[in-house]
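Residue numbers (my numbering), protein chains in the order written: chain S, 42 to 641; chain L, 52 to 285.
Hints in this document: simulated from the structure, not taken from any laboratory.
Honestly, I wouldn't trust all of these hints.
Pairwise CB distance ranges (calculated) [stated by the list, open to error]:
hint, chain 1, residue 1, chain 2, residue 2, range
1, S, Pro119, L, Ile57, 54 to 60 Å
2, L, Gly129, S, Phe510, 46 to 52 Å
3, L, Gly68, S, Val538, 54 to 60 Å
4, L, Asp275, S, Gly289, 31 to 37 Å
5, S, Ala123, L, Gly129, 34 to 40 Å
6, S, Val546, L, Leu76, 50 to 56 Å
7, S, Gly116, L, Ser127, 46 to 52 Å
8, S, Ser72, L, Leu56, 36 to 42 Å
Calculated from the model, a selection of chain L residues having no Cβ within reach of chain S, i.e. all distances over 12 Å [said to hold, decoys possible]:
hint, residue
9, Asp130
10, Val162
11, Arg192
12, Gln193
13, Leu284
We put the CB at the ideal spot given by N, CA and C, even for glycine.
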Amino acid sequence: MVDVTHGEPVPGVPGSAAHEGGELDLYHPKSWVTKYVFSQDAKVIAIQYGLTAMAIGLVALVLSWLMRLQLAFPGLLPFLDADHYYQFITMHGMIMVVYLLTALFLGGFGNYLIPLMLGARDMMFPYLNMLSYWVYLVAVLLLVSGFFVPGGPTGAGWTLYPPQAILANTPGQQWGIIVMLVSLMLFIIGFTMGGLNYVVTVLQGRTRGMTLMRMPLTIWGIFTATVMALLAFPALFVGSVMMLFDRGLGTSFFMPAIVVTGEQAPYAGGSPILFQHLFWFFGHPEVYIVALPAFGIVSDLISTHARKNIFGYRMMVWAIVIIGALSFVVWAHHMYVSGMNPGFGFFFATTTLIIAVPTALKVYNWVLTLWRGDIHFTVPMLFALGFIVTFINGGLTGLFLGNVVVDVPLSDTMFVVAHFHMVMGVAPILVIFGGLYHWYPKITGRMLNPTLGKIHFWITFLGAYAIFFPMHYLGLLGVPRRYYEMGETAFVPHSVVTLNIFMTVAALVVGATQMLFLFNLAWSLRHGRAAGGNPWRATTLEWQTPETPPAHGNWGAELPVVYRWAYDYSVPGAAEDFVPQNVPGRDPDMPGHPVAEGAR
Amino acid sequence: MSLILIFLAVVVAIAFGWLWRQGILAKPWLETGVVGRFPAADPSGARVAKVGLAVFLAVVGSLFALTVSAYLMRASLGDWEAVRMPGILWVNTGVLALSSLALETARLAAVRGDAEGMRAGLLAAGATAVLFLVGQLLAWRQLHAEGYYLATNPANAFFYLITALHGAHVAGGLAALGRVTWRMERGAAVAQLRLGIGLCATYWHALLLIWLVLLGLLTNWVGDFVAVCRQLLT
Ligand code: HEM
Ligand SMILES: [Cu+2]
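Chain L extracted, bound-state conformation:
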């Protein structure tokens, strides 16, 4: 459970830093009048949506940190037989990174007001994300063909579980992206799409980051890395 505790420590640090800046040391009984910063004075929907996404990402982060914690706890037992990684995972990782990149260009294009660039980026991001999911399914098929069945041992089960959880989050993101794309096709102006694309881009980057961590874990790089660090220290 060490990873979830690290994750929580980060969340708590952010929360306390924020509380500090919000004046948690104030003595409210001594002051009257209109004081402080006023979120309601700036009811810009963009900010609300961004905060909403940030909170949601914290929940997603907690979900994956817990899954990984469970994985690490089980993997530390003696009888662990790691899954042989299907090579296609590397291709998939590249595709997911491309998807993130495409969405980022779409976001930048939207900021510039470049409708063409935005459209190209958006469609490319959607297509590559779908491709990623297809690639993950192929990885499952490959494993299955090689006899790594879901129920064979806990390592396999964890592999399928972790990729499925991540894939489900990509699919959810695709639904949101699909909505933005649909509105674009219906002729919404660039300014109206900017926020939606920005939010999708943030979500995409977060999922890419989570995937990289998961990949490092499944291929046991993280373990090797920790072992190397340990050796350097001793």
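Next comes chain S alone, as it looks inside the complex:
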């Protein structure tokens, strides 16, 4: 069914397909199926990734509604018992973090933008790229099948901590946990196939003149995040294999000798904390795997929509790379209360606070980019600004939680839930929306409706604060996370009940508003204003394609040549307030080009 046309036979590579000699051979789709279904074009794969991620994200959204309804009105939904609550929490968390955010940023934005922004015709291993999506789809379907297997999906929490994850009495212990682990392993295999593409394309696929330091920050963010994911996901993979052994073959990697409801479980000698190390060795980098692409995209949105070059480009690049490296040595700040050696706590608190330095630097640079910019309050810009505010907010509570003395009392309270929703839930989601409003015109050739977009932004942004801001307060009061219901508790004042109702109403409204966004996506496909090739008057290469949407192969006969960095906005003396990357400049070799004398 898949049709690859090559000049020569393709040599085998362990785990990949490669080309020998000449230009990158493009495959030529022959039928509707190879063009839109089993397509090897990164742009089609990007859309497939994006739509699948959004569809499964919708499931996670509905689950959050159900949880919120239970928290505000205990017992309102008769089918929602404690077991279901745990299953919903688990599926919600795992879907949001892995199957939505990771897939959408790297598989979606990565696939669409890397070849286009770098002036390549496609990814370097298109066949592997296609395979990556289909493996991802199978992983998603398997995950969903968890709802239909006997016993339902696993209710172990998204952290899947053993021993409880595989002990009797944990919901989904029969099949749910197996389905979850296999689905995660498939996701990782699929991601590795895609990730090899993203990395190698950045390394080898750049067009003439596109030096590393001329790449847009979006690419830097996606590239670094991909490298991190390639190195961090194996930890989750090993952990999953080991837990699968424990569950299916009776080994004791993670399972200590333990008595369950009066009976000795058939395990002995395993170390539960070992799993925590493996999980968080993946889990903390995962935070930055979704944050770094967001950082990159936001930088480009801000620069474009404030018509100003990004402040401190070099520092921004270095900060991305340094954050990427440092985030591998902070994982145990998630384990302060796990009973590990307390001496470690000091080490990990220190590294955690050090990481705040490059992160804060990025925030300063965004603000300085905005300073005296010609800010256009377009929808993408609104979302980018929303991100900055939210990220600062979540980052600050993160600084608190990084300290052992603060974290210990707050651990496993709603404060933590509020913190991570701000920093890795709401903030990246805002960037995804901003990015979609920004690049939709390139993907479809039409603008999204800006009025609907603004309504969408304000309700989502303010609504997210209405949901998660009060949650900090609940956490400080001591309301624990992952509790099906609180009942009458001495330390929880009655105001908590009212607040819970308020937050749930906000969650319902925010969720419903996303339907408006989906409607906008569908409606604008036909009825949106025609966008032209470069509606935002942006400098980066994807806006300079000969056709919009870009045709197969992206560029016409000739690849673009890059003459400048990605941020030539409002260059003094230039004819327009932006100079695209592929416009020749003042250069000894190329005299008399559009940028006037004394441009810099």
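Model the placement of chain L with the ligands on the given structure of chain S, informed by the hints.
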């Protein structure tokens, strides 16, 4: 988790060295024109495939470094009862080394344009790799016969897990090697096979290296070595 950190430190060092050479200190806002080295000007597929394999090997390296880290962490607890190594492992190690050697001769023959030598090397490499996998299965059987069952204790479980992970990677490599061999049998010219064989050879050497590390670990040589070093220092 010390081993994975060492592994990462190596990866980070390589990455930073590379970034440095790629001009991470450049001031892109000051320069226009076509500057820098241009990967796209050299779209030779060989280079792309080699970089792809290198990145893939980094992922494989991370997987094994993490597994070994977990092993070391568990093995450091007091109740560890090591597995008695089946003797056949030594034979298997020799066979895997032979396989690597055969593939290397095939690669060199392909570079020389010697079709006969290439064919012999390729077939020998494939056969010895299969033999290695069979040998590993025999090792499992031997352990099983002696009562070292998978679920008996964590040391056994780790032994089976580590050998299985490594074996799966050898099997994956065999699929790639099988493809190259199949194309050779279908009459592809030496020049067309050179890249594929070279990539397989690199992968084979990497798996051999990983196996040696794993073996040193399972037989606790690494531990003894560290202990000796410690004694020398104090
Ligand atoms: C409309 C937006 C959202 C709402 C209303 C919402 C609501 C909730 C609720 C009520 C919980 C359970 C708290 C508890 O009882 O402990 C939860 C857990 C969680 N959420 Fe969300 N959430 C939303 C979006 C997101 C997003 C975008 C992410 C992506 C990172 C996310 C990640 C998680 C995670 C990781 C957990 C923890 C699951 C666990 O404890 O195992 N959520 N969310
Ligand atoms: Cu963390």
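Verification of the supplied hints:
no.: 1; hint: Pro119(S) / Ile57(L): 54 to 60 Å; verdict: holds, 55 Å
no.: 2; hint: Gly129(L) / Phe510(S): 46 to 52 Å; verdict: holds, 48 Å
no.: 3; hint: Gly68(L) / Val538(S): 54 to 60 Å; verdict: holds, 59 Å
no.: 4; hint: Asp275(L) / Gly289(S): 31 to 37 Å; verdict: holds, 35 Å
no.: 5; hint: Ala123(S) / Gly129(L): 34 to 40 Å; verdict: holds, 38 Å
no.: 6; hint: Val546(S) / Leu76(L): 50 to 56 Å; verdict: holds, 53 Å
no.: 7; hint: Gly116(S) / Ser127(L): 46 to 52 Å; verdict: holds, 49 Å
no.: 8; hint: Ser72(S) / Leu56(L): 36 to 42 Å; verdict: violated, 50 Å
no.: 9; hint: Asp130; verdict: violated, 6 Å
no.: 10; hint: Val162; verdict: holds, 14 Å
no.: 11; hint: Arg192; verdict: holds, 17 Å
no.: 12; hint: Gln193; verdict: holds, 19 Å
no.: 13; hint: Leu284; verdict: holds, 22 Å
Hints 8 and 9 from the list above are not met by this structure, while the remaining hints are.
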